[in-house]
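So the sequences go chain by chain: A and B.
If you want the working numbering, it's the 1-based position in the first sequence plus 20.
If you want the working numbering, it's the 1-based position in the second sequence plus 221.
Each hint should be verified, as a subset may be incorrect.
Simulated pairs of lysine-lysine, PhoX-like, Cα-Cα distance not exceeding 25 Å [claimed, not checked]:
1) B:Lys398 to A:Lys151
2) A:Lys151 to B:Lys331
3) B:Lys331 to B:Lys407
4) A:Lys143 to B:Lys230
5) B:Lys292 to B:Lys405
6) A:Lys151 to B:Lys405
7) B:Lys352 to A:Lys234
8) A:Lys234 to A:Lys151
9) B:Lys407 to B:Lys292
10) B:Lys230 to B:Lys407
11) A:Lys143 to B:Lys292
Hints listed in this document are in silico derivations from the structure and should not be mistaken for laboratory results.
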Amino acid sequence: MARFSDFAPLAALQSLPDLWEDGTIPHALETTGYRLGTGLSLAIVIGVPIGILMGRSRWFQQLTNVPFQFMRMISPLSWEPIAVVVFAGWDQAIVFLVSIAAVWPIAFATAAGLAKVDPAWFKVARNLGAKPWQMVTRIIMPAITFDILTGIRLALGVAWIVIIPAEFLGVTSGFGFAIQDARESLEYASLMGLVLVIGVVGFVLDSICVLLIKRFSWHRG
Amino acid sequence: MAIRGTEIKIQGLTHRYTPRSPVTFNRVDLESPPGEALAIIGRSGCGKSTLLHILAGLLRPTEGKVLLDGKSVEAPSPRWVMMFQAPHLFPWMTVSQNVGVGLSFGRWSKQETEERVTEAINLVELQDFSKSNVQDLSGGQQQRVALARSLVMEPELLLLDEPFSALDAFTRASLQKDVRSIAKRKGFNIVFVTHDIDEAVIMGDRAVIMAGSPGNIVHELDIDLPDPRERTDPAVQALRTRLMSTFQEAANYKPATAVAGAGR
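Could you put together the complete structure from these sequences and hints?
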């Protein structure tokens, strides 16, 4: 029978060394980290160009605004049953869920950042001989680095929230699985310990984003 | 690096923003010989800024054409560079990176870039700031960086759209003198748009006055004064007065189309 005292902070903290020693935490960090990193990278690779198109092309913005706002409001987890049918393995399905959760904040933040860019910068650059691809790499990208990173920060938050329940099903690795496993084997102290670790990892990832934003932003103040 | 300026010919230039919007200006003709500093004076809304954008290739005329040394201007080019009211510097670049940005768009070796950037920065007297963040500079210094960013391309024609109007009087005066003296030393043309009579007299070889709606050139006046020009010089004062009274006459100008349209 489970004791409720196992949920207490002390028991949870005491479980951490064991969880590290037996490889639960390192392994979860590795597998969940891999899925998160892959999903987030895909979201960046897809979301930033979409955002630039939305910010630069009026017709693209008007064409896609309604469908994108609609898709954005679909809980990423509700794609899970579809994702496991479409993708060969659960791993890919989870990566897809992370991507679809993360792509919207990135795309919308990129578009909003681009909308704020001083249009005279484009005039100046064009006048000084910038080719269209130079306009993207030399003017647009540095101008909106702050906004893209802010979008990535938001996306990371959503992705981190989504990936844990996404790992409840199908896979036998990752933090989501580890929590399920602890619950099923009635190891409530470990369960709480994992909850703490999830919080800490999320906090650390967010702090890294904040540091990156500070480092790569030209904005003052 | 002496540059020959360019011969500017504007022929029958007409512009409207959309087919339904009113004509900004109608059949403007204007010529300027190589190396001339030409002032275009007019009130807000007479189309002088639009005219400058067309000269820069940043806007297309509805009718007519702009010829530089006999060749039609179809697109922007580093050979004719425009400066705006605000410096519009790139805040993620240092002063020297901003100055060299136009060269970085083309195929310039590192050494050539460095040489030209250094020369341009020296011209605008910002040697001590080349590694500075442009956000740390004053408004006047920022506009100097924008000037250097234009000069580094060694343009045949420098277009200035009220470039100093946001600066304080002292900074403005010193930049006006500098732009004129650099242009004269290098030999490129300048065409500048202003509503400041003083600016026209200090910087220009000739002033044309635009007025009316749709706008057109209604007067022109040679500014035949020796360099350097001082505001306190009686000859400068006298020309200023003349230009001012010509400008006021022009303000009463009614274009033919407006009169014809009155009977509708």
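Here's how the hints hold up against the structure:
1. About 34 Å separates the Cα atoms of lysine 398 of chain B and lysine 151 of chain A, which puts this hinted pair outside 25 Å; it is violated.
2. Simply put, lysine 151 of chain A and lysine 331 of chain B have alpha-carbon atoms about 19 Å apart, close enough for the 25 Å limit, and the pair holds.
3. Taking the CA atoms of lysine 331 of chain B and lysine 407 of chain B, the gap is near 23 Å; set against the 25 Å cutoff, the hint holds.
4. In summary, the hint linking lysine 143 of chain A to lysine 230 of chain B is supported, as the alpha carbons are separated by about 23 Å, within the 25 Å threshold.
5. For the hint linking lysine 292 of chain B to lysine 405 of chain B, the alpha-carbon distance of about 23 Å falls within 25 Å, and the restraint holds.
6. Note on lysine 151 of chain A and lysine 405 of chain B: the hinted pairing is violated, with a Cα-Cα distance of about 31 Å set against a maximum of 25 Å.
7. With a CA separation close to 20 Å, the supplied pair lysine 352 of chain B and lysine 234 of chain A stays within the 25 Å bound.
8. A hinted pair counts as satisfied when its Cα atoms are at most 25 Å apart, and lysine 234 of chain A with lysine 151 of chain A does not qualify at roughly 30 Å.
9. This hinted pair checks out: lysine 407 of chain B and lysine 292 of chain B have alpha carbons roughly 22 Å apart, not beyond 25 Å.
10. Between lysine 230 of chain B and lysine 407 of chain B the CA atoms are separated by roughly 21 Å; this keeps the pair inside 25 Å, and the hint holds.
11. Annotation: proposed proximity of lysine 143 of chain A to lysine 292 of chain B holds, straight-line Cα distance about 22 Å (limit 25 Å).
Violated hints, in rising order: 1, 6, 8; the structure is consistent with all others.
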